[in-house]
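Full structure from sequences and hints, please.
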Amino acid sequence: MTSLLETVDLTKQYAGVPVLDRVNIAADPSKITSIVGVNGAGKTTLLKILAGLIAPTSGRVSVHGRECDQDQLRSHCTMVFQRSVMFGGSVRDNVAYGLRINKTPNSEIAEEVQAALAVVNLEGFEKRKARRLSSGEQQRVAIARALALDREILLFDEPTANLDPANSMIIERAIKESAQTKVVLLSTHNLSQARRLSDRVIHLYKGRVIEEGEAASFFASPKDERSKLFINGELQF
Amino acid sequence: MTRRISGSAITKIEASVLIVIIVGVAAVATYAYVTFQSPGRERLIVSTTTSLYETGFLDELKVKFEAKYTNLNVSFISQGTGLAIQTAMRGDADMILVHDPAREVQFLQGGYGVNRKIVAYNFFIIVGPSDDPAGIAGKSPAEALSTIKFAGLNGTAVWVSRGDDSGTHSKEKSLWKSIGLDPTNLRAEPWYLEAGSGMTATLKLANEKRGYTLTDIGSYLLNFNNQNIDLVKLVESGKSMLNVYSVIAGDPRNANLTKANFEGSMLLIRYLVSNEGQDLFANFGVKDYGQPLFKPYLELVESNSDPELIQWIRDLAFIDGSECPDQDRYNAAGLYSMELTPPVLAVAPFAVPREIESWILSPKA
Amino acid sequence: MDPITEGVIRAVGLILSGDPEVYRIASLSLYTAGTGTILSCTWSIPISAVLALRNFHGKRVLKGLFNAAIGIPTVALGLYLYLVLSRSGPLGSFQFLYTPNAIIIGQSILVSPIVVSFSASALESVDPELRDLARTLGASDLQTYGAIIKEASWGVILAVMAAFNRAFGELGIAMMLGGNIRYVTRLLTTAIALETARGEIALSIALSFILLAITISVSVAVNLARKPTS
Chain A
1 MTSLLETVDL TKQYAGVPVL DRVNIAADPS KITSIVGVNG AGKTTLLKIL AGLIAPTSGR
61 VSVHGRECDQ DQLRSHCTMV FQRSVMFGGS VRDNVAYGLR INKTPNSEIA EEVQAALAVV
121 NLEGFEKRKA RRLSSGEQQR VAIARALALD REILLFDEPT ANLDPANSMI IERAIKESAQ
181 TKVVLLSTHN LSQARRLSDR VIHLYKGRVI EEGEAASFFA SPKDERSKLF INGELQF
Chain B
238 MTRRISGSAI TKIEASVLIV IIVGVAAVAT YAYVTFQSPG RERLIVSTTT SLYETGFLDE
298 LKVKFEAKYT NLNVSFISQG TGLAIQTAMR GDADMILVHD PAREVQFLQG GYGVNRKIVA
358 YNFFIIVGPS DDPAGIAGKS PAEALSTIKF AGLNGTAVWV SRGDDSGTHS KEKSLWKSIG
418 LDPTNLRAEP WYLEAGSGMT ATLKLANEKR GYTLTDIGSY LLNFNNQNID LVKLVESGKS
478 MLNVYSVIAG DPRNANLTKA NFEGSMLLIR YLVSNEGQDL FANFGVKDYG QPLFKPYLEL
538 VESNSDPELI QWIRDLAFID GSECPDQDRY NAAGLYSMEL TPPVLAVAPF AVPREIESWI
598 LSPKA
Chain C
603 MDPITEGVIR AVGLILSGDP EVYRIASLSL YTAGTGTILS CTWSIPISAV LALRNFHGKR
663 VLKGLFNAAI GIPTVALGLY LYLVLSRSGP LGSFQFLYTP NAIIIGQSIL VSPIVVSFSA
723 SALESVDPEL RDLARTLGAS DLQTYGAIIK EASWGVILAV MAAFNRAFGE LGIAMMLGGN
783 IRYVTRLLTT AIALETARGE IALSIALSFI LLAITISVSV AVNLARKPTS
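Chains as they are written, first to last, in this note's numbering: chain A, 1 to 237; chain B, 238 to 602; chain C, 603 to 832.
Hints listed in this document are in silico derivations from the structure and should not be mistaken for laboratory results. Don't take each hint at face value.
Listed next, the stretches of chain C that the computed footprint assigns to chain B, with coverage defined by at least 3 CB atoms under 8 Å from CB atoms of chain B [stated by the list, open to error]: (1) 783-793; (2) 798-805.
Simulated pairs of lysine-lysine, BS3-like, Cα-Cα distance not exceeding 27 Å [as the list claims (entries may be wrong)]: (3) C:752 x A:103; (4) B:470 x B:441; (5) C:752 x A:48; (6) C:752 x A:127; (7) A:206 x A:31; (8) B:476 x B:532; (9) B:441 x B:414; (10) A:127 x A:48; (11) C:752 x A:129.
Given the structure is predicted, the values throughout are model-derived calculations rather than measurements. By construction, the Cβ of each residue, glycine as well, lies at the ideal position given by its N, Cα and C atoms.
What follows is the structure in structure tokens.
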């Protein structure tokens with residue numbers, strides 16, 4: 001059975017240096033799939049390729065069994081980056097950005113924005129200047145912004161790195177909620193977060209998938225030596 | 238990871254204020270500009286000399302001419318005579334109004350101009366510091382320049398040249414040549430300064446350096462009255478100091494000049510030689526300077542009050558016995574009917590009866 | 603009274619009395635510089651976007667050329683354009699010479715390197731992640747450019763202001779292409795040159811104060827419109 005999102009032999013090279021090497025993954029809705037690994041393992045690159053922001057050197061990505069090019073991927077996915085970039089303007093301007101591009105009627109926009117902000121505990125923040133918020137609040141706005149688009153596939157690149165526990169909790173809760181109906185891929189090097197959130201885990205090391213499987217069994221008894229080291233916090237790049 | 242501050246986006250309020258400012262400025266500018274337009278008028282571009290321009294005569298001419306010919310909008314472009322002629326050769330001016338007979342001839346012979354008319358004259362003068370260190374007061378122009386050169390070599394005098402290829406500069410160069418000196422060699426001499434500018438700037442430089450210079454009477458009076466300079470007139474007369482102003486229309490048959498406003502040029506030329514135009518010359522400057530800055534040429538010829546002067550003018554500015562050779566006349570009906578026939582007074586081998594004499598000299602009907 | 607004081611007093615007098623010729627000269631300066639700047643923006647801002655946001659061979663050389671062209675001497679540019687716009691030149695049939703249109707054309711070319719270079723700079727300093735952000739939120743290429751330009755808008759505006767000031771205060775092009783014809787192409791700068799040559803120093807100073815006053819007012823107004831970023 002094909003998964004909603006699949007990759008086949010995804011490879012990315014920069015000037016002959018492989019950052020991703022024949023990566024094969026699969027992800028389905030109602031499950032959170034974590035991509036774990038040390039810094040520089042290729043997590044961000046993988047997510048950006050899935051998001052349609054970077055072109056792979058070779059290999060393919062398919063959604064619903066059909067191979068997609070970058071434009072098509074961008075219509076299926078949206079990504080939240082490690083540090084959020086806010087557009088100048090209000091929180092509402094930010095959250096509504098994608099909706100405006102889709103020419104959603106204004107009456108609907110207001111509702112959608114409200115709903116999205118509610119998920120990240122930012123009700124009533126519509127008129128605030130986005131750039132004046134704290135970094136935690138900004139990241140939450142970024143998540144609301146992504147959620148408002150209602151895309152099938154959500155990609156989170158270390159979304160709570162550098163955030164305090166309060167913000168992290170709110171964000172994790174929002175991710176969990178959204179995963180009920182969507183495909184969610186989440187990259188992190190935070191083990192506890194991975195344990196808390198994941199249904200499936202993919203361990204990426206030097207651009208290769210060296211282990212993948214159900215989260216419970218990954219953390220309880222990892223098969224690869226390097227996974228064991230990683231879980232113990234001893235794996236070096 | 239350090240946070241990169243994004244660029245500065247513009248808010249709606251800021252944008253609105255900006256737009257108000259821009260629209261406001263634009264509205265003021267365009268409104269004022271449009272209200273000052275002279276709509277529906279045809280353009281006539283005259284390239285002319287800086288000396289005429291700076292006296293303000295052309296401003297008055299424009300007002301009077303446009304009052305009479307309401308379909309024309311005259312623009313005077315003031316450049317040195319050399320440049321004025323080049324502008325007309327390129328077709329960027331419709332006609333020229335200059336004071337350099339030698340180059341006017343070239344303009345005609347080059348096929349660029351037609352229908353030349355002499356309209357006015359005055360005299361150049363040599364001015365200098367009131368204490369006259371070289372002692373040239375009252376001398377003839379040739380003697381004065383000679384004296385200045387020796388004084389210059391002695392370090393007691395300085396000469397300032399226009400140095401800008403203008404009509405005045407041409408006259409100055411011909412004066413030096415007449416006493417056997419080559420102006421291009423003089424340029425290297427320490428007592429010979431080149432201003433490279435218009436007449437006012439040259440006069441001010443001469444004033445500053447307590448030097449001598451050649452100037453037309455109009456520019457001198459203008460600047461003296463304004464107290465820009467306190468130089469005094471030292472050499473005022475002489476055939477070699479004659480300054481003759483002529484107009485030439487651009488030849489519409491010339492490849493560069495097909496877009497020239499020939500009809501407009503002819504209207505202005507005819508205006509300048511008409512009584513009204515000639516009166517403009519006669520009266521300009523009397524109010525402000527107590528004497529006219531220009532003298533009308535045709536009135537001089539009509540009245541025949543100074544035959545010697547007329548002869549001087551013809552010696553200086555005529556081409557093969559007339560102000561405009563036949564082959565350079567074009568659609569010029571009636572323009573040359575006031576012409577003198579070749580001089581009979583001076584060379585008549587026999588006595589001419591008085592009645593015939595006056596008939597020959599009076600304007601043809 | 604020294605010429606400067608006399609000049610200031612005369613300037614105030616000219617403005618308050620509504621001297622029509624002075625207003626005409628000033629408004630013509632505004633008109634030519636403003637129109638020239640706006641005209642330049644129509645091609646300069648897209649060029650700056652391409653220069654900042656796309657990669658191509660020779661990009662650095664092109665940027666260097668634009669940077670160098672910022673300081674082109676106005677008389678040189680005026681001279682070349684004069685030969686082009688002359689009735690006997692390639693664009694002679696438009697008969698632009700000695701009209702405000704020629705000045706507008708000349709000034710628009712003069713200030714283009716300023717708009718291109720400064721705008722490209724502003725665009726480049728926009729967070730590169732903004733591009734990915736716009737794209738992942740569904741923006742097309744054009745919309746992405748729009749987002750980046752909007753992000754850099756104050757930088758672009760300041761570039762345009764600098765361009766306008768340059769056009770407003772330049773002499774060489776206005777003189778060469780306009781001819782300083784009274785009522786037609788006489789601007790503040792050319793009028794100042796003329797009156798100085800005529801020895802009317804006080805009037806020149808008065809006009810120069812008006813020129814400075816306008817330049818400063820417009821700049822101040824634009825800067826005031828910008829709220830301080832926190």
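Inset, instruction - State the violated hints by number, sorted upward, taking the hints as numbered earlier in the document. - result: 10
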